[in-house]
Amino acid sequence: MTTTGNTAHSPATPATDGPGSVTRDLRLLSVLESGLPTQLGTPDEPAAYTVPAVFSRQVSHDERARIEAPATAQALAAQIGAPADGPTLRLVVSDRRLLIENTTLAQLHDGLAAALAAMLRDLGRDLRAQTSERAVEAEALAVGERRRAAATHTVAESIRFV
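So the sequence shown is numbered by the working numbering: it starts at 913 and just counts up by one.
Not one of these hints is a red herring.
Label pairs and their computed distance ranges (CB to CB):
(1) Ser-968 to Val-1067: 52 to 60 Å
(2) Ser-1044 to Ser-1006: 26 to 34 Å
(3) Ser-946 to Ala-1018: 18 to 26 Å
(4) Thr-962 to Ala-1026: 13 to 21 Å
(5) Ala-1061 to Glu-945: 55 to 63 Å
(6) Ser-1044 to Val-1005: 19 to 27 Å
It is worth saying that the hints were derived from the structure and are not from the lab.
Just so it is clear, CB atoms sit at the ideal spot from N, CA and C, and this is done for glycine as well.
Construct the entire structure; sequences and hints are all you get.
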């Protein structure tokens, strides 16, 4: 049985459209049960552990940097009211998995999964906005370069060696 987290049910939207682009928003699909501690549900169950979750696709470099930033985990911990004196929530990207360290299935069920889904939606929106801004800047540079080349061409064409 696979336990699923709270994921968006809207259609995926394009993140970028350039070379090596990300074509769909990153989502978490499910908890990878085989990666859970075998002691769960026993008297030896750890107070906190790593929960592996499966991503919908490969994670980009920019996505990974934002996900693994300590500020991201701190914000999520604050959102769910995680105790400050307990183990620190940490997010680690490993291939197509998110390792959610120092948490529990109960925390995921009680709000962390929804907070992670919202964080990934916000991340996608932010990265799309940055990509759009970079495209506008690149186009402005290209227009300037075309104007410069045209002006240079016009001057070069007007020179006569007579």
